[in-house]
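Start from the sequences, fold in the hints, and give me the full structure.
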Amino acid sequence: MKLSDVLIKPVLSEKANKLSEKSNRYTFIVDRKANKLEIKNAIQEFYGVQVEEVNTCVSPSKLKSKYTKAGYVVGRKPARKKAIVTVAEGETIDLYETV
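So the sequence shown is numbered by numbering that gives the first Met the number 0: it starts at 0 and just counts up by one.
Hints listed in this document are in silico derivations from the structure and should not be mistaken for laboratory results.
Keep in mind the model is a prediction, meaning the values are calculated, not measured.
Worth double-checking, as some hints may not be accurate.
[To be verified] Label pairs and their in silico Cβ distance ranges:
# : residue 1 : residue 2 : range
1 : Met-0     : Tyr-71    : 37 to 43 Å
2 : Lys-1     : Thr-85    : 22 to 28 Å
3 : Gly-70    : Ser-3     : 41 to 47 Å
4 : Leu-36    : Arg-75    : 28 to 34 Å
5 : Ser-22    : Lys-76    : 27 to 33 Å
[Said to hold, decoys possible] Cut-off 27 Å, straight-line C-alpha distance, at most; resulting in silico cross-link-like pairs (DSSO-like, lysine-lysine):
#  : residue 1 : residue 2
6  : Lys-80    : Lys-35
7  : Lys-21    : Lys-63
8  : Lys-14    : Lys-68
9  : Lys-63    : Lys-14
10 : Lys-17    : Lys-35
11 : Lys-65    : Lys-80
12 : Lys-76    : Lys-63
13 : Lys-76    : Lys-32
14 : Lys-1     : Lys-17
Backbone N, C-alpha and C fix where the C-beta goes; we use that ideal spot for every residue, glycine too.
Have a look at this one:
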């Protein structure tokens, strides 16, 4: 897998911002087929930081339905993989510059 295909986007939420400020951990949405070594190499290449640890979690797809005038509309939210990356002490990633 190409390194440019591994990272999809950074997560910019309140919880992710707290993690980055307190414990130097950054959250990214990554390709579901990517493994931890590919994620680590992609972050080090794109952001130029030393990665110490990579934790991943896969959220399964969910069935969503809502009621409209035409009746029930049933759809599906896609499955996605999240990577929480711990960066070496003293290094930071400026996510708002690259968005």
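Can you name, in rising order, the numbers of the hints this structure does not satisfy?
-> 7, 8 and 14
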